[in-house]
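Number of protein chains: 2
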Amino acid sequence: MENFELFGNIEQGKNFLESTKTGKFLFSFVISYTETCEIPGITFAGADKDSIQFTPPADAEYLHYGYCKTIDKIPMTPDGKPTPGLLTKAALESASIPHLTINAGSKVSPQLPFIDTGMTFGKNISTQDAMTDSQVSHAVDYGRIVGRSMASLTDCLVIGESIPGGTTTALAVLKALGFDAKVSSSIPNNPIELKNQIVSSALGRIDSEHPYSIVAKVGDPMIPFVAGMLSSASNVSKVMLAGGTQMAAVLAFASKIGFNEENSAIGTTSYITNDDTANFTHLITEIADIPAISVNPGLETSQYSGLKAFSEGFAKEGVGAGGSIISSMIKTGNNSVKFLEIAEKEYHRLFTSL
Amino acid sequence: MENFELFGNIEQGKNFLESTKTGKFLFSFVISYTETCEIPGITFAGADKDSIQFTPPADAEYLHYGYCKTIDKIPMTPDGKPTPGLLTKAALESASIPHLTINAGSKVSPQLPFIDTGMTFGKNISTQDAMTDSQVSHAVDYGRIVGRSMASLTDCLVIGESIPGGTTTALAVLKALGFDAKVSSSIPNNPIELKNQIVSSALGRIDSEHPYSIVAKVGDPMIPFVAGMLSSASNVSKVMLAGGTQMAAVLAFASKIGFNEENSAIGTTSYITNDDTANFTHLITEIADIPAISVNPGLETSQYSGLKAFSEGFAKEGVGAGGSIISSMIKTGNNSVKFLEIAEKEYHRLFTSL
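Going down the list, the protein sequences come from chains A and B. The numbering of the first sequence is this note's numbering, which starts it at 1 and goes up by one. The numbering of the second sequence is this note's numbering, which starts it at 1 and goes up by one.
Please keep in mind that the hints were generated in silico from the structure rather than gathered at the bench. One or more hints might be untrue.
Put simply, identical chains are the same to the list, so a pair is met inside one copy or across any two.
[What the hints assert, rightly or not] DSBU-like cross-link-like pairs, simulated, lysine-lysine; straight-line CA separation at most 30 angstroms:
1. K21 x K49
2. K338 x K49
3. K338 x K107
4. K338 x K21
5. K69 x K256
6. K49 x K123
7. K69 x K308
8. K338 x K182
Bear in mind the structure is a predicted one, so any value in this text is a computation, not a measurement.
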């Protein structure tokens, strides 16, 4: 247990770690899209503006094949820092944890078998509603179906996401639901000013307290879908939301539609829980009585600057990296030193073979 | 064991039944389409010609929701006999066996979350090639990915299908691969003459012994996809192909691309294994050294003519009914008498609520 730091409901966090030790994990990777990411300066999830839409499917392909089909290289920041999916892949593979990709509104379909939900991407919340109320209902309903199916096939369902620009929609949803959120970002000098501007203009459109209406106006398709998954899955198996701010927004919406807190946890990296510009652990305790499990991936001592960068605030989280590392450590008993070795091996493979 | 009759590799059949008794089952439902079904008189899988294309997605919806979304009623023959999916649903539900829908070339997508494979439907083999060689490769590759994923989540992967007109393409593939097949049909007076005509004209186009080329010319998308699933899944878990003639064609193609016979079985109804116009059990022993497990669903004593009809040769098999009943009996210990009770309850629910 010394690998993890617990926040929120600590007792339940200990139980969560204990009860999943001998069980099976299944990682579900939810890809989505919000046009909010097209606002200049809002995200670094892609080498340039036009390639951002390919990041979610490319992350899915990389997790599955070890390389991408939709783009030539793996997703990177403009200055060549790799996707946090690298950490996810290293974690899942080292622990033989199976994964499935779910398309919940990605603009581009991944080139692999995936679970289709019939959902479309969200609109730019700075200028218009993200979705209609009925699209939110559809997302919740389909999320419930998928969550129930997945949970019946495992002991612990881990849910990760890839939705560029998603921290901004998450911030809007959290604020609209009454939480004093400050969000993390894939960019070290978090463009807080810009995000707050977008969020303010989005919040101005809210005219109803109904959570479906709020998510429709200022959210993104991932939030109601994953909340639906959590809602049904947590009645069947343990569920770990793998992520930072975006999963906090999922949790906030899920607390409105109902879920089983006893089976639920949020798992993330210490880069999120230690981020002074955000207030992640406090936020989680405000939202729900569940544990937040934090892992230090140990990348600060890496010989590779591309890995070290994660510990310095670039893409602190994403593609369910934190939750995947936690799951792999629970299953294998590995610690951060061992994980760093595994991640460096994957980094080396990628950057000598590409 | 007294519920089942074994053919083929009987020793392995006993092992299969024994080893799956305490394990988990997962039913995967593969829906597909071949334009061959549009030839008048070839199938009864739909109330009329225009509705045949809706039968696979409607079967998937019925299995999941208990009613259909794509069409008003559940799939039926022109004279109102219900889909064999009724037996599948009764079986899976009574044993709490989870299921997933896979779209492997259905003309119409089901209105539920499903696994998408990027495949398109097959062409009418009486007039043109069903697919290109590269479409067959894609089907096998994606089948392998899906098979590996599904098998890693269960102890026994059961694979059923819905592809109207599929017995004709199956017949063509079996003959082209050198097996003396006579096929069953959803129609009691099996239109053998018509099928043989279609098959002959299809076989005339074959110009290569390569199995991919053969399936491309005279097969359908379901065959290479499910063969790919079997190929990878049988290295991870037990696999039961749930079906009659169509699964024989899958087996024939799979024996060319390789699969693990020790973990594989075919499961079907006694309506198939007792069908004198076909030669199912003999065919299986010719193709592979695996067991065929046959179950008598006991419908001949039903109070409902719609259920009795299955025992009289209407839609003897389909939607993985036989394999689902076998799986449910293995898991619950139910016999045919108990299963009839369950099926009648579902029949009653359907025909009083619709």
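Outcome of the hint check:
1. K21 x K49: neither (42 angstroms within a copy, 54 angstroms between copies)
2. K338 x K49: neither (36 angstroms within a copy, 62 angstroms between copies)
3. K338 x K107: Neither way: K338 and K107 sit 37 angstroms apart in one copy and 49 angstroms across, limit 30 angstroms.
4. K338 x K21: For K338 and K21, the Cα distance is within 30 angstroms only inside one copy (18 angstroms; across copies 39 angstroms).
5. K69 x K256: Answer is between: at 28 angstroms across copies they meet the 30 angstroms cutoff, but 38 angstroms inside does not.
6. K49 x K123: Only inside one copy: K49 and K123 sit 16 angstroms apart there, 40 angstroms across copies, limit 30 angstroms.
7. K69 x K308: within (27 angstroms within a copy, 51 angstroms between copies)
8. K338 x K182: The answer is neither: 33 angstroms in one copy and 59 angstroms across copies each exceed 30 angstroms.
Of the numbered hints given earlier, the model fails hints 1, 2, 3, 8; all others are met.
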